[in-house]
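Q: Listed below are the residues making up each chain.
4 protein chains.
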Amino acid sequence: MFDFDELNEECGVFGIVGHSDAARLTYYGLHALQHRGQESAGIVTTNGEKFHVHRDMGLVTEVFSSDEVSKLIGSTAIGHVRYSTTGSSVLANVQPLVFNYAKGEIAIATNGNLVNGDKLRKELEANGSIFQTTTDTEAIAHLIARSNADTLEGAVKETLNQLVGAYALLILTNEQLFVAQDPHALRPLAIGKLGDSYVFSSETCAFDTIGATFIREIEPGELLVVTQDNEMCVTRFSEPKETSICSFEYIYFARPDSDISGINVHTARKRLGRQLAKEAFAEVDVITGVPDSSTSAAIGFAEATGIPYELGLIKNRYVGRTFIQPSQELREQGVKMKLSAVRKVVEGKRVVMVDDSIVRGTTSRRIVNLLREAGATEVHVRISSPPVKNPCFYGIDTANRDQLIASNHSVDEICKLINADSLAFLSAEGMIEAIGRPSNEKNRGHCVACFTGDYPTKLYDALEVEETV
Amino acid sequence: MFDFDELNEECGVFGIVGHSDAARLTYYGLHALQHRGQESAGIVTTNGEKFHVHRDMGLVTEVFSSDEVSKLIGSTAIGHVRYSTTGSSVLANVQPLVFNYAKGEIAIATNGNLVNGDKLRKELEANGSIFQTTTDTEAIAHLIARSNADTLEGAVKETLNQLVGAYALLILTNEQLFVAQDPHALRPLAIGKLGDSYVFSSETCAFDTIGATFIREIEPGELLVVTQDNEMCVTRFSEPKETSICSFEYIYFARPDSDISGINVHTARKRLGRQLAKEAFAEVDVITGVPDSSTSAAIGFAEATGIPYELGLIKNRYVGRTFIQPSQELREQGVKMKLSAVRKVVEGKRVVMVDDSIVRGTTSRRIVNLLREAGATEVHVRISSPPVKNPCFYGIDTANRDQLIASNHSVDEICKLINADSLAFLSAEGMIEAIGRPSNEKNRGHCVACFTGDYPTKLYDALEVEETV
Amino acid sequence: MFDFDELNEECGVFGIVGHSDAARLTYYGLHALQHRGQESAGIVTTNGEKFHVHRDMGLVTEVFSSDEVSKLIGSTAIGHVRYSTTGSSVLANVQPLVFNYAKGEIAIATNGNLVNGDKLRKELEANGSIFQTTTDTEAIAHLIARSNADTLEGAVKETLNQLVGAYALLILTNEQLFVAQDPHALRPLAIGKLGDSYVFSSETCAFDTIGATFIREIEPGELLVVTQDNEMCVTRFSEPKETSICSFEYIYFARPDSDISGINVHTARKRLGRQLAKEAFAEVDVITGVPDSSTSAAIGFAEATGIPYELGLIKNRYVGRTFIQPSQELREQGVKMKLSAVRKVVEGKRVVMVDDSIVRGTTSRRIVNLLREAGATEVHVRISSPPVKNPCFYGIDTANRDQLIASNHSVDEICKLINADSLAFLSAEGMIEAIGRPSNEKNRGHCVACFTGDYPTKLYDALEVEETV
Amino acid sequence: MFDFDELNEECGVFGIVGHSDAARLTYYGLHALQHRGQESAGIVTTNGEKFHVHRDMGLVTEVFSSDEVSKLIGSTAIGHVRYSTTGSSVLANVQPLVFNYAKGEIAIATNGNLVNGDKLRKELEANGSIFQTTTDTEAIAHLIARSNADTLEGAVKETLNQLVGAYALLILTNEQLFVAQDPHALRPLAIGKLGDSYVFSSETCAFDTIGATFIREIEPGELLVVTQDNEMCVTRFSEPKETSICSFEYIYFARPDSDISGINVHTARKRLGRQLAKEAFAEVDVITGVPDSSTSAAIGFAEATGIPYELGLIKNRYVGRTFIQPSQELREQGVKMKLSAVRKVVEGKRVVMVDDSIVRGTTSRRIVNLLREAGATEVHVRISSPPVKNPCFYGIDTANRDQLIASNHSVDEICKLINADSLAFLSAEGMIEAIGRPSNEKNRGHCVACFTGDYPTKLYDALEVEETV
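Chains as they are written, first to last, in our numbering: chain A, 1 to 469; chain B, 1 to 469; chain C, 1 to 469; chain D, 1 to 469.
Bear in mind the hints are in silico, worked out from the structure with no lab data behind them.
Don't take every hint at face value.
Identical copies carry no separate label here, and so any pair may be met within one copy or between two of them.
[What the hints assert, rightly or not] Simulated pairs of lysine-lysine, PhoX-like, Cα-Cα distance not exceeding 20 Å:
| hint | residue 1 | residue 2 |
| --- | --- | --- |
| 1 | Lys119 | Lys416 |
| 2 | Lys336 | Lys193 |
| 3 | Lys315 | Lys416 |
| 4 | Lys122 | Lys416 |
| 5 | Lys50 | Lys122 |
| 6 | Lys336 | Lys315 |
| 7 | Lys50 | Lys278 |
| 8 | Lys103 | Lys122 |
| 9 | Lys119 | Lys103 |
| 10 | Lys71 | Lys50 |
| 11 | Lys349 | Lys458 |
| 12 | Lys157 | Lys241 |
Extracted from the complex, chain A is given alone in its bound form (with noise of 0.2 Å):
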């Protein structure tokens, strides 16, 4: 079966080799990575002799106590937080997955999603293999464990080699650290340092927050293996193929004080939203962006157009999973759940309303109601991406084909649908365009096959379901 859930397992990952405070550098740093992943969280380090393990659901302040963090005591740690879905939201897939084969013990963080872990899984199974979890995490181990190679390293590279699909990987031992990008460079993973230690993580923020120093990406097929007293030997598993870094991370999910590929995040999306004014401007009185991940954009909608830059949508901030959820009755009498609209700022006001990107398009329709009810006269939405007509297959959680609604809609059906004024989207070359990536690879390194449906690799786990159903 086509497990839906998988897709959308968006993580963030972070290790670090050799430093005496190793674990709580780990649990700043995946703080810094909460916006990856706020289902569970979970750390494991090494002493050299043996493992030490915590993890559970929930936040990284909520899974840590002080108390936790100092009994994982080793100078080497990675950790991982995961992204929260539905279906499979149980401890037992709680990353780093932490293993024992005959050669000792084996721990790994993963972000991205393997398009053929359905079928490593089937494979695995029909030779006897038992699993424990339902992540493609636990399928890369049984892989080593089963690979005939002489060395560790050998067998990394071995199951490695048996992936498709998007990995920023760390694997720990006892010994050493392993670190390996897919082939695509599908997800981010940095390179730091840290005094002598080294350091990696999903996002450059995390080095930011722990006084780490950045030193490069690790490139497309890349497998790097770090000792504990910190010497990395650089080697590679594959060559590298035609980079696809997700451009999804610059449009919506990264933080906007990360740089990928050298360029920041928040500067990124103010271009895009430069951009969007150019292509799609329109004549109204105030701009708006849909907090948080859209304000860049706004602002570098109205720096474009001299268009004052208001709150005209502001967000609750709640954390963790202990807010009580309003009911439906509440809802319709008018309780806000996330969004508010701010009357002062838009009643009387024609609006334009940026947003990063629209999915299955009923969020979109309650943000732009929510502002006609605070008394905006006219709501435009422009939109910093191009219209999302194709699934995710390598881990950002979009949705099944048949819930994109612009892979059923022309824009003018979805305006009408989200009840805007106007709609427009950034056209896919302005947006490779305003990212700025300085590369010559088509589409400038990108990943773009949400919005063109032109996939970086084969996608067998999504062809058999498609044979199947």
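Assemble the complex: chain A is given as a structure, and chains B, C and D must be docked to it using the hints.
A: Relative to chain A, chains B, C and D alone:
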């Protein structure tokens, strides 16, 4: 003794009358007011016969589970959130306070600080009163219980006339809700309606959250008496005195989507930033704000100057008491606590850093240094309010006069102390104009005592301290 | 109103003076007294300058973490555990209660119940007092604060002379610990020493737990004043009245390893069982007791008759508030809540079931039926105390007179109602002899009011209720 | 490596098939088995389509809230409680273990210990298996998944025949419940019925708790296959070998109200005490037992001698992991951890202290000293089992041979070491007779290896250790 901790007490209050979902709506209301107090939260409800109470230390989402809200039966409710201070963070102080007296149960929630609280307490203790809290609010209950007035309304009026200072006050009994505003209207308190139900809130943002409509603000010296079936009797316990709305609510404290005196706070802050640009332009490459409270002013500054607003500083959002603070050692190694500078944005740039205020100066110095370490070539600090030279005695957490940097140093000296290339404050006149209250009163009806030393009331407790010191 | 819930209030108190581990020893002391109160627990310590307080609902081990005990600095401590009742199970009632009054801080922990508590409260409220709890104990604080006596010792004595009923009382200030026993000595309170430190406890079992040595019991009407350096001044606030030690402490309430008046409770219970065997022998195969309180009496009964004692009934030990109670449906299907009969032991046997008392009769009926369902051919019930015909107003949870089965039914009627083959109670004289207090006073110095209706004090509050009903 | 921690693993299992309240009844069943394992608890249910799982460290009441039990939908359930050991107290080890393999989901709960667990594990790892736990149970899952048998039943039988040691085993799939007993029947496992539902439990006390009826015990080498509609197919995977029921279940481990082989445990213990009195009478004033496990034997001893049984020792009941352990310093000052002696009972008396066993001797010495400190003039220790000279490899927490006092010392030496006036153990023959299993097999079908060294199976893992050491 003059207890400085008591001065720190900024809070939020919320009340709703005669609604079948009173407790749950109060939960959402308090959640919207969470920024006003993160130490503790409490709700008291009545079904006309008896109180139901739940209070505890922590954020609203930490204090209230769905179960606990469900147990708060009754159609009228008041709630309170309290600021986090060190001295008196004890469970007994968590509001609303609840008492039994000769005529039944009474609950009190208050925002603001009395300047004769210690005086009243001493007088009461000398007459045999016992106190279970260290808050002003308990003195109010004693005064009501000891009043010889025939009716509770009479006792409340008699009591209010003995109070001096800031108090936006909700008093609940099983029959009525009393709502009062001090004669200077120092702290905000708004009246709204949700269907037939009257709603009261420290800020209007709570109305937007629950879908209520703003009616008006309570007037200075006014006392409203609302029965369970939402009949509201508007009366007065005192003639209004010189209106003295706290200017810091606009500058820093209130949520940007709230309106005070019909003026949206975000918009006022943008105007403060524009005025600041007018008064103290600087030739730079980038404008940035100290998140979150200075973002609006920084955008206003950028709009007025045409220099781009960028995300030069970012706040790590950790919420709740469970975050593990970095040790001194880790902080010295570069682990950031709350703010990081975004290297890619500021490196090699001349920066204007807009902040809302400087109190002790230590934070400003730290932020300037963050920007310099991230590569800013010049850091020009622009403050969207005048220098704070005097302590607040009405409930805002500033500090003791000795600790106020502007009380003892010139602007030039402060500039050096915080390591800035230049420093400018907004003028008091510019500030008052920019906020733009439509009023002919002195300072357009603002309290600006912390800037000018001109307090709207006599300072009983503080004077006594100075005399005895 | 006559508040029945207040009658249920059986509790335990513990205090220690001038010991470096005061809080921790109080924790162990309260743990030993846990059987006396499972609703809430609290400790107040003083270092001579200020109080440290921690109190909450729950068992001692639930309320106190190691961290929280560590924060309770200071060398003098008092603690309290409170019985679980439904009516007034609120956080505000958790003792020790702590107050500020004109002369500083004061904390009070008490075991027992006043019979003029409502009367005192009404008089205080009429004079403008406010109450934050629904306990008698708060009235004591008001009386002390309102006293005109020159010294605190004077105020305490003046106050104690206004109290009528049962009270074993600890009063802590930053300078002294006051320890008082009501003039009838209704509730136990023992004095011990641990090194140089005076220790006080409701039961001597707490002394064994912490390694302290028993000195003597406090005398009726006595007031001890202990300073932080363990100087103890023995004084008196009242002449002793007729000693009236609660006989239920021996029968049911105290721990079997405690001594009261120098008599070990387990040994007294065995003698009660022996006396019961003498008064009401039954020709059976097996003797069993209702665990845990009747085990000693059952063994005594077995020893006296030579019939073997067997484990015919077993108690499921679930502790704490987290146990999931079986639904009515499951209980009807046979899921046992607390007690199970052991089929192998009772099947085909004639059984004497020894129990300590019958209050409402419903429990006895259930247990008899458990034994019959497990195959007992005859069930003869033997009770190691006389019939309870009158409510207790001094702090034991019995019930309202209407609910006391022996108040309205003959022994024969009760026998039928509980479905026993025969039923016998111990005689009052037999009980008094068996306990064996070496005293010439009436009833050898026992309160036997619940059996005889002869109360040692006037019953102010109860009388008023009867008059108004 | 020979992992001693694994030997400590005494546990309890419970299962129920086709009952609408399966999870809740399993909760009560596990609660009744709580004494068999206090480290962790878990329940897996199936509704015929998929599993629902909840497992965590802690007591049953700590692990399961009402909410969590409600989420465990499905009419068939298995549950597990696990003993508290230090080495492998990790979440991953909490049973029932749950796996996915080629044919679907599978859950396993087991009581007992394999003596070839390490051997199996090494063989599996050598063939590429990965392990996520450190328990034997995971090896069982691997063997099933790797079996080439056509049916699951075939795979289970093939697997069981590879296991050597003690295992009372429940295996759940979405279609069936498998129940197996090792060919020696080392650990107890009983079959009951509740209405139409089959119920399985380590001890019969769980049947009494939920109102189920005992049917019979599962036979050695038997495999039961129960479908969701309660059809039970009785089959066998092995011929029964010499029955070897653990004698320690009678002596110490099982609950006194359980029956094993139709013999009530409390009654058996009383007979052990009577036999002990016959073999080793002592002229004393008082008989006392070490609570709780020795109480029955002590009463038996007292009955046989006519010397009164008294409560000379009392256990402080603290349950759960939250109890604050006294520091070494406090323990030296006399703070008792678990047991106190009752001075009033033993002072000036000659005491027989009956205990169930002596393992390392340290506890016995401490208890003898407690009695002496409380004033006992003579302490005669009587043990209701023979000296433990050999480690148990089948799941009881004894200790390594070096630590077993009786392995290296004569009875006289032990007597001196524990500071007793005299010491006697029950003879092996006397023990076997007193328990009274109606059997003609060797040792009447008991395993007495820990007393005699005559183990019923080959000791694979242990032998290897001895060889390599």
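Q: Each hint needs a verdict: does it hold in this structure or not?
A: Against the structure, the hints:
1. In the homo-oligomer, the alpha carbons of Lys119 and Lys416 never lie at most 20 Å apart, since the shortest distance is 41 Å inside one protomer and 65 Å across protomers.
2. When the C-alpha separation of Lys336 and Lys193 is checked against a cutoff of 20 Å, the pair qualifies only between copies, where the shortest distance is 16 Å, while the shortest distance within a copy is 44 Å.
3. When the C-alpha separation of Lys315 and Lys416 is checked against a cutoff of 20 Å, the pair qualifies neither within a copy, at 25 Å, nor between copies, at 38 Å.
4. Taking identical chains as interchangeable, the C-alpha atoms of Lys122 and Lys416 are never at most 20 Å apart, the minima being 45 Å within one chain and 65 Å between chains.
5. In this homomeric assembly, Lys50 and Lys122 come within 20 Å of each other (Cα to Cα) only across copies, at 18 Å, whereas the closest approach inside a single copy is 31 Å.
6. Only within a single protomer do Lys336 and Lys315 lie at most 20 Å apart by alpha-carbon distance; the minimum there is 10 Å, versus 25 Å between protomers.
7. In this assembly of identical chains, the alpha carbons of Lys50 and Lys278 never lie at most 20 Å apart, being 58 Å within a copy and 54 Å across copies at closest.
8. When the C-alpha separation of Lys103 and Lys122 is checked against a cutoff of 20 Å, the pair qualifies only between copies, where the shortest distance is 10 Å, while the shortest distance within a copy is 25 Å.
9. In this homomeric assembly, Lys119 and Lys103 come within 20 Å of each other (Cα to Cα) only across copies, at 15 Å, whereas the closest approach inside a single copy is 26 Å.
10. Taking the shortest alpha-carbon separations for Lys71 and Lys50, only the intra-copy value of 13 Å comes in at or below 20 Å, while the best inter-copy value is 35 Å.
11. For the identical chains of this complex, Lys349 and Lys458 are neighbours neither inside a copy (49 Å) nor across copies (45 Å), given an alpha-carbon limit of 20 Å.
12. For the identical chains of this complex, Lys157 and Lys241 are intra-copy neighbours only, at 16 Å inside a copy versus 50 Å across copies, given an alpha-carbon limit of 20 Å.
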